[in-house]
Amino acid sequence: MSDLVSQNVNMIFESLKGEAVHALKDISFTLKKGELLTVLGPSGCGKTTLLNIAAGFLRPTSGIITLGNKEINGPGVERGMVFQQGALFEWLTVAENVNFGLRMKKEDSVTTAKKVEEWLEIVGLQGFGNTPTYQLSGGMQQRVALARCLINDPDLILMDEPLGALDALTREKMQSLVLRIWKETGKTIILITHSVEEALLLGERSYVMAPRPGRIHKEYKLPFASMGLKEDLREIKNNKEFVFKREEILSMIWDMEEEIMGKEI
Amino acid sequence: MITGTITIVIIFAVIGSILYGQRLIKTEKSDAVFGNPERAKGGIHWVVVGTCFLLFTWLYYSWDIAKAFYPKSANELCQVAKVNESLLSLKYLFPIEERSHKSTALIKRENINISDKIIEIQNSSDLKNQDKVIFVNLLNKTRQTIPLLTNTNYLETETKNTINELTNRINELRKNFSKDSYPPRLSDEEENKRIEAVKKQLGWGATGMEVPPLPESKVGLKFHTAAQELNLISDEFFAMRNHHSEYLRLLKEIRDQIKEYKNALNDDQDLEMRYIKEIKKLGQRIEYESIFPPNALDEMENAIRAFDRVQKKEQGSIRIIDMLLFPAGTIVASGPTCAEDGPGRWLPKPSDTFRIFGNLLKPSVGFKMVPLLWYEMMGVNRIVGFILPDWIADILPGKYPVHTSDGNVEPNFKSKVLDFVTGEFEAFKIPVPMGHIWDSFLRVFMGLMLGVIFGVPLGIFMGLNRFAKGFFDPLVELYRPVPPLAWAPLVITVFGIDNLGKVFLLFMVSFSIMIISARAGASGTQLSKIHAAHSLGASRWQILGHVILPNSLPEILTGLRVAVGMCWGTLVAAEFLAGTTGIGFVENVARKYMQYEVIWITIFVMGMLGLLFDITLRQIIDKTTPWRGKG
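These protein sequences, in sequence, are chains A and B. The first sequence lines up with residues 1 to 265 when you count with our numbering. The second sequence lines up with residues 266 to 896 when you count with our numbering.
Worth flagging that the hints you see were computed from the coordinates, not collected in a lab. All C-beta atoms, glycine included, are put in the ideal place defined by N, C-alpha and C. There could be a bad hint or two in this list.
Among the chain B residues that face chain A by a calculated CB cut under 8 Å, a handful are [to be verified]:
#: 1; residue: T790
#: 2; residue: S793
#: 3; residue: K794
#: 4; residue: A797
#: 5; residue: H799
#: 6; residue: L801
#: 7; residue: P815
#: 8; residue: P891
All chains, full assembly: derive it from the sequences and hints.
Now the structure itself:
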């Protein structure tokens, strides 16, 4: 019953010059429990704003967004977030970072230690518990961020371009990790990305957003995520339908970008 | 002895290190090209050279090397200085040190003076013409006295004889001077007296900076005796006057005229009085100056030149020592005062410095009755009494005991607690550090701690809260830019010259720095980290304690490092101003008594303590915030 429902969400910022910027316009969607939604779009289309509203860091100007019929009214544990750069606490070790949420809840340290071990194993970081986070590579840091978020057992996971800063190889590994975790835990996930391939590969559903005002431009229902659980991701990328969709979305975004440029000139 | 050994060790270390460095360059296979920082790594041998260079400079410029290798040289050079000084006035008579003969220069100057005066009188609008004529006439007569002094025909036989006698004495001195038998033996009694006096005088540098003035070696005695003889000769010469009867007659005539004129003056004729006095003075100057006919002193000039050559030759090795080992000044330059005239005066010799440093460290000596750093036994009760506030007893329920009618006081629980918190009980003693260095250290430490305790929370608060930032900003920004020492007079007036005033001053310094650094740290926290903490379920206080505080720790510690430096500098200056202990106080007192060794010791101690503070803090920073700059 813990669906994420967004009803006519509008977000209007005031720019420095005093102009009103319509960051989001009439965003309405419903995300069922266990769904993986990817959000795609050119820069400045309000993807991150949408995510921040869902996380409770921002209040929408109008409209309402609910999780399990409860209005989102500030940040909460039930909505975990994974950031682009990891946003790890570098003064803590890997284990302490993962343990952070549980420690804040003042849970018993013996049971939390066990849980941390389990999660480090799931994300493939067994044995790195005592390593300082600044010694980890970018991919490993994202694994820690993922574990730190998931250990709290949130209903909804919000990912803000979590794989954006990784190299292609690491990225592919992390993509399958995200898919695996999604399948195994059955969490609801919203994943924002710049990469069309990633959006197609990981999303059950995918929204392509358009800028000025930020709105949902087109919705795709995709079969590749469930395929990705069984098959090799690279084979899917060569799939005819995949290639066709990719090109379609790419040209769509390309047009949007050109439109913006034209407006500015 | 030690200085000498050290000097030789230094020289060998430098040579060895340079050779090692050369060999390293030849044998080293390195891919590092110019500009690669790799090339700056290693190089302990250059550290050795650098350190040795510093040490050697110190040894050399403080004249400690001269003292170590030629301990007698200062005393001998002092005797040379005496001869130089005695010769100097005689030398000035001739174109030895000057361009022209003294007589020539004097005549030139007096002629100019007289001409100037005549012009002045003739142009004067206040003088009557009649007076002007008298004055000019007198001046012309004064001028006429000069040829009477310089005329070879007027050279008196007596004068001639005296000049010859003095010349002979100088020549005699020259001949004897290079002989081994000079100076002639004194009578046994006198010789014993001399040796006794020499034994009594202290060694070079024993009293701080003076060189013992009495000659201690044979060479020294030679110069000392010659200097005495030369003094006699020069005294006799300058007492001599070559006044021919013609000159004296003209002089008398001028004087009589002046007297006559003066007697005729009224009391209110101040101007005329002034002029006539000046005219008289011009005549007197010529009278007392040693003006001689040309060539009259030629023999004497030659004798002095010859003696000067001989005495310079006789200086021998000490002349070279003086040139090589007394850089940037000499003992000779100080003349017969036998002082060190140059860096030897203000740059203490390492040997003296370490000796005095050793004395200062001795708890029984110290400085102004307080050792630099020592310990004292202090009862635990006093420490407890100092730390615990007295009001702990006051807030307890009940009343303090009242004396009974038979004159006893029964202690109750409340009074016993009062005894405890005021430290009035028996306890074992523990050693506690004390002394000037400890006092300074404690002041800095207290000031810093107070600054951190109050500054960091306020700074973080200001970094996170609009009200706090707006409310406290004017206060902090108004007092912060004022140099801390500018506050000192006020703070010392309000809080006293002792610890409280200084600690408060240092608190002011560290407080503002800690506020600014904590504020920068808090406001510089990455938003994504705060967001992450929020979505991980952390409360406000948890975010403050577990995210914002550790995140701003590098900034806070850097601020602390800056604050330590600032506090240290301010403290020393504050101790200069007032107080009775502390390292700055020591320096200030040493300055008053010109104890250069102590001044340098305090400078050294301050440098070392500052370095110690900084190294400690750097260690703390590396240990506590290893993630610094890696986030």
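Interface restraint verdict for B:P891 against chain A (beta-carbon cut-off 8 Å): Holds - the Cβ of B:P891 comes within 8 Å of chain A, reaching about 7 Å at its closest.
Given hint B:T790 near chain A, where the shortest CB pair must fall under 8 Å: 11 Å, violated
Does B:K794 pass the interface hint, meaning its C-beta sits closer than 8 Å to a C-beta of chain A? 5 Å, holds
Status of the B:S793 interface restraint (C-beta, 8 Å, chain A): Hint holds; B:S793 Cβ to chain A Cβ min 4 Å, cut 8 Å.
Would you check whether B:L801 satisfies its interface hint, that is, whether its CB is within less than 8 Å of any CB in chain A? 4 Å, holds
Have a go at the B:H799 hint: is there a Cβ in chain A nearer than 8 Å to its own Cβ? B:H799 check passes; min Cβ-Cβ to chain A is 4 Å, inside 8 Å.
Identify whether the interface hint at B:A797 stands, where standing means a beta carbon of chain A within less than 8 Å of its own. 4 Å, holds
Going by Cβ atoms only, is B:P815 closer than 8 Å to chain A? 4 Å, holds
Going down the numbered hints, you'll see the structure goes against just number 1.
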